[in-house]
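Undergrad: Listed below, chain by chain, are the residues.
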Amino acid sequence: MLGVTEELIQDVKQLIIERLKLEEIAAEDIDTDAALFGEGLGLDSIDALELVIGLEKEYGVSIPDAEVGKKVFQSVRTIAQYIVDNQGKAVAAADGAA
Amino acid sequence: MVQHNAGKVALCFPGQLSKVPDEIGTRSGGGYNLPHPFFEKAWERAGFDLTSFFFQREEEDQYLNLKLQVSSYLLSMVSFDRYQKKGRQWDCITEHSMGIYAALVAAEAMTFEDGLAMVKGIGLILEEGGGANTGGMAAVIGLESEAIKRICAGVGNLSVANVNGSRQFVLSGGVAAIERGLELVLQRGAISAQRLTFTIPLHSPLMESIKGEVRRFISGFDIHPPRTPVTSHWSGRPLNDPDAIRDFLVEELCRPVDWEGCVQYLLSQGVTCFVEMGPTDTLTKLIRWIDRDVKALSYGVRDII
Numbered sequence: 002m003l004g005v006t007e008e009l010i011q012d013v014k015q016l017i018i019e020r021l022k023l024e025e026i027a028a029e030d031i032d033t034d035a036a037l038f039g040e041g042l043g044l045d046s047i048d049a050l051e052l053v054i055g056l057e058k059e060y061g062v063s064i065p066d067a068e069v070g071k072k073v074f075q076s077v078r079t080i081a082q083y084i085v086d087n088q089g090k091a092v093a094a095a096d097g098a099a
Numbered sequence: 019m020v021q022h023n024a025g026k027v028a029l030c031f032p033g034q035l036s037k038v039p040d041e042i043g044t045r046s047g048g049g050y051n052l053p054h055p056f057f058e059k060a061w062e063r064a065g066f067d068l069t070s071f072f073f074q075r076e077e078e079d080q081y082l083n084l085k086l087q088v089s090s091y092l093l094s095m096v097s098f099d100r101y102q103k104k105g106r107q108w109d110c111i112t113e114h115s116m117g118i119y120a121a122l123v124a125a126e127a128m129t130f131e132d133g134l135a136m137v138k139g140i141g142l143i144l145e146e147g148g149g150a151n152t153g154g155m156a157a158v159i160g161l162e163s164e165a166i167k168r169i170c171a172g173v174g175n176l177s178v179a180n181v182n183g184s185r186q187f188v189l190s191g192g193v194a195a196i197e198r199g200l201e202l203v204l205q206r207g208a209i210s211a212q213r214l215t216f217t218i219p220l221h222s223p224l225m226e227s228i229k230g231e232v233r234r235f236i237s238g239f240d241i242h243p244p245r246t247p248v249t250s251h252w253s254g255r256p257l258n259d260p261d262a263i264r265d266f267l268v269e270e271l272c273r274p275v276d277w278e279g280c281v282q283y284l285l286s287q288g289v290t291c292f293v294e295m296g297p298t299d300t301l302t303k304l305i306r307w308i309d310r311d312v313k314a315l316s317y318g319v320r321d322i323i
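Protein chains in written order, with the working numbering: chain A, 2 to 99; chain B, 19 to 323.
What the hints contain is simulated information worked out from the structure, not anything from laboratory work.
These numbers were taken from a predicted model, which means no experiment stands behind them.
It is possible that some hints are incorrect.
[To be verified] With a straight-line Cα cutoff of 30 angstroms, these simulated DSSO-like cross-link-like pairs (lysine-lysine) come out:
#1 Lys22/A x Lys104/B
#2 Lys22/A x Lys71/A
#3 Lys229/B x Lys59/B
#4 Lys104/B x Lys26/B
#5 Lys167/B x Lys72/A
#6 Lys72/A x Lys22/A
#7 Lys313/B x Lys22/A
#8 Lys72/A x Lys90/A
#9 Lys71/A x Lys37/B
#10 Lys167/B x Lys71/A
#11 Lys37/B x Lys22/A
#12 Lys59/B x Lys103/B
#13 Lys58/A x Lys167/B
#14 Lys37/B x Lys59/B
#15 Lys58/A x Lys313/B
#16 Lys72/A x Lys58/A
#17 Lys167/B x Lys229/B
#18 Lys26/B x Lys22/A
#19 Lys58/A x Lys22/A
#20 Lys59/B x Lys104/B
#21 Lys37/B x Lys313/B
#22 Lys37/B x Lys103/B
#23 Lys313/B x Lys26/B
#24 Lys90/A x Lys71/A
#25 Lys37/B x Lys72/A
#26 Lys103/B x Lys22/A
#27 Lys58/A x Lys90/A
#28 Lys229/B x Lys37/B
#29 Lys104/B x Lys313/B
#30 Lys26/B x Lys103/B
[Said to hold, decoys possible] According to the in silico footprint, chain A covers these stretches of chain B (three or more CB under 8 angstroms from chain A):
#31 204–210
#32 293–307
Heads up, the beta-carbon is just placed ideally off N, CA and C, and yes, glycines get one too.
Chain A on its own, in the form it takes in the complex (with noise of 0.2 angstroms):
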């Protein structure tokens, strides 16, 4: 996929660790296209709503409602992708704001 580079997914993987609190897992220990929630990791909808603010707070980005959630929750890739592809929009809206 276009834009999305290794430190980005990198930094995706530490997000989810620190924002979920995960102390026994290593970034490493992530796959970047496995399932997040039910199998995989095994987050649930407590776990999305940190991820959602951890995005807002880090990358400027927001989750409008469940059904962009689930699209965009389905892995670390997924995430990644979504940064990249919503990131220069958030800035503009609030140059524009400005």
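Based on these hints, arrange chain B on the given structure of chain A.
TA: Only chain B this time, still in chain A's reference frame:
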């Protein structure tokens, strides 16, 4: 051993499981696979086999929420028993929703046997007398209190059953009200909205009709003053007196759980470590949201199932 943690430790007893843990119900049971004395007692006294998730009596076995409730009680009690046997310490006890029964047993206000009988008896009243299938509950994540209140007021017959955090709520109400509430919270941008297994509007004023029956039922139980302080999940105050505990057991079915307020109260009392007693980490995650810096962990029991 050097005590590094100078603050208080609070044990947290979670409410009813939202689903059957994956490990349960996969084995044949009928009282043949009982890896803990509490499971043996459950089979002997309540006719319930946890490993196969099965009640001996067919009329009881049809009730999913009754089975989940008894399972939750047993798993919390096993978690507590192991914690205690490891020689670990605690200063106070708190609970969420239907976790009150295990919490009272852990605080030595009731025996394990009475706790089991009470959980099952109240579970049956809720299933049979509580107007089962007259309502439901749903967990809503992401919206703030104001938005939630506005939706409840607009729908009617719908109320907040749990304040689990500033953006984590459980709603309770009539069947149609819950369905409408789910639609509206998703339209308003909730990150998640899910129906829970309950077929009754627990923790709502709609439960008033069963109060008399519950009060009569629990009047037959011996309740003693807790030996460890138990913090009530709605007032954030300690439950000391047996009569106050009886009142609480009746009233709590009709009133919302204020878990956020309960955790805030305990933090203000110097609690620096919360330990969840049970198979999941739901309360642990809610505490993480309320205070990111406080230590919160789940003393799991999955390996025993």
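Undergrad: Please go over all the hints and tell whether each is borne out by the structure.
TA: Here's how the hints hold up against the structure:
Proposed proximity of lysine 22/A and lysine 104/B is supported: the alpha carbons are some 25 angstroms apart, at most 30 angstroms. The suggested pairing of lysine 22/A with lysine 71/A holds, with an alpha-carbon distance near 22 angstroms, which does not exceed 30 angstroms. For the proposed pair lysine 229/B and lysine 59/B, the alpha carbon gap of about 28 angstroms is at most 30 angstroms, so the pair holds. With a C-alpha separation of about 18 angstroms, the suggested pair lysine 104/B and lysine 26/B falls inside the 30 angstroms cut-off, and the hint holds.
Proposed proximity of lysine 167/B and lysine 72/A is supported: the alpha carbons are some 28 angstroms apart, at most 30 angstroms. Under the criterion of a C-alpha separation no larger than 30 angstroms, the hint pairing lysine 72/A with lysine 22/A is consistent with the structure, at around 23 angstroms. The suggested pairing of lysine 313/B with lysine 22/A holds, with an alpha-carbon distance near 10 angstroms, which does not exceed 30 angstroms. For a cut-off of 30 angstroms, the pair hint linking lysine 72/A to lysine 90/A stands: about 18 angstroms separates their Cα positions.
Restraint check for lysine 71/A and lysine 37/B: the C-alpha separation of about 21 angstroms stays at or below 30 angstroms, so the hint holds. For the hint linking lysine 167/B to lysine 71/A, the alpha-carbon distance of about 25 angstroms falls within 30 angstroms, and the restraint holds. Distance restraint check for lysine 37/B and lysine 22/A: the Cα-Cα separation of roughly 24 angstroms lies within the 30 angstroms cut-off, and the hinted pair is therefore satisfied. Of the pairs offered as hints, the one joining lysine 59/B and lysine 103/B holds, with about 19 angstroms between alpha carbons and a cut-off of 30 angstroms not exceeded.
Distance hint between lysine 58/A and lysine 167/B is fulfilled; the C-alpha atoms sit about 27 angstroms from each other, no more than 30 angstroms. Restraint check for lysine 37/B and lysine 59/B: satisfied, since their Cα atoms lie roughly 23 angstroms apart, inside the 30 angstroms limit. Proposed proximity of lysine 58/A and lysine 313/B is supported: the alpha carbons are some 23 angstroms apart, at most 30 angstroms. For the proposed pair lysine 72/A and lysine 58/A, the alpha carbon gap of about 20 angstroms is at most 30 angstroms, so the pair holds.
With a C-alpha separation of about 25 angstroms, the suggested pair lysine 167/B and lysine 229/B falls inside the 30 angstroms cut-off, and the hint holds. Between lysine 26/B and lysine 22/A the CA atoms are separated by roughly 21 angstroms; this keeps the pair inside 30 angstroms, and the hint holds. For a cut-off of 30 angstroms, the pair hint linking lysine 58/A to lysine 22/A stands: about 16 angstroms separates their Cα positions. As the CA atoms of lysine 59/B and lysine 104/B are separated by approximately 22 angstroms, the hinted pair is consistent with the 30 angstroms bound.
Using a Cα cut-off of 30 angstroms, the hinted pair lysine 37/B and lysine 313/B holds, with the two alpha carbons roughly 26 angstroms apart. Of the supplied pair hints, the one linking lysine 37/B and lysine 103/B holds, its CA atoms being roughly 28 angstroms apart against a limit of 30 angstroms. Between lysine 313/B and lysine 26/B the CA atoms are separated by roughly 11 angstroms; this keeps the pair inside 30 angstroms, and the hint holds. For the proposed pair lysine 90/A and lysine 71/A, the alpha carbon gap of about 20 angstroms is at most 30 angstroms, so the pair holds.
With a C-alpha separation of about 24 angstroms, the suggested pair lysine 37/B and lysine 72/A falls inside the 30 angstroms cut-off, and the hint holds. For a cut-off of 30 angstroms, the pair hint linking lysine 103/B to lysine 22/A stands: about 28 angstroms separates their Cα positions. Of the supplied pair hints, the one linking lysine 58/A and lysine 90/A holds, its CA atoms being roughly 15 angstroms apart against a limit of 30 angstroms. With a CA separation close to 26 angstroms, the supplied pair lysine 229/B and lysine 37/B stays within the 30 angstroms bound.
Taking the CA atoms of lysine 104/B and lysine 313/B, the gap is about 19 angstroms. The hint holds against a cut of 30 angstroms. Taking the CA atoms of lysine 26/B and lysine 103/B, the gap is near 19 angstroms; set against the 30 angstroms cutoff, the hint holds. Coverage of a stretch by a chain is defined here by at least three residues with a beta carbon nearer than 8 angstroms to that chain's beta carbons; for the region 204–210 of chain B and chain A the count is 5, and the condition holds. For the region 293–307 of chain B, the proposed coverage by chain A is satisfied: 5 residues have a C-beta within less than 8 angstroms of a C-beta in that chain, meeting the threshold of three.
No hint from the list above goes unmet by this structure.
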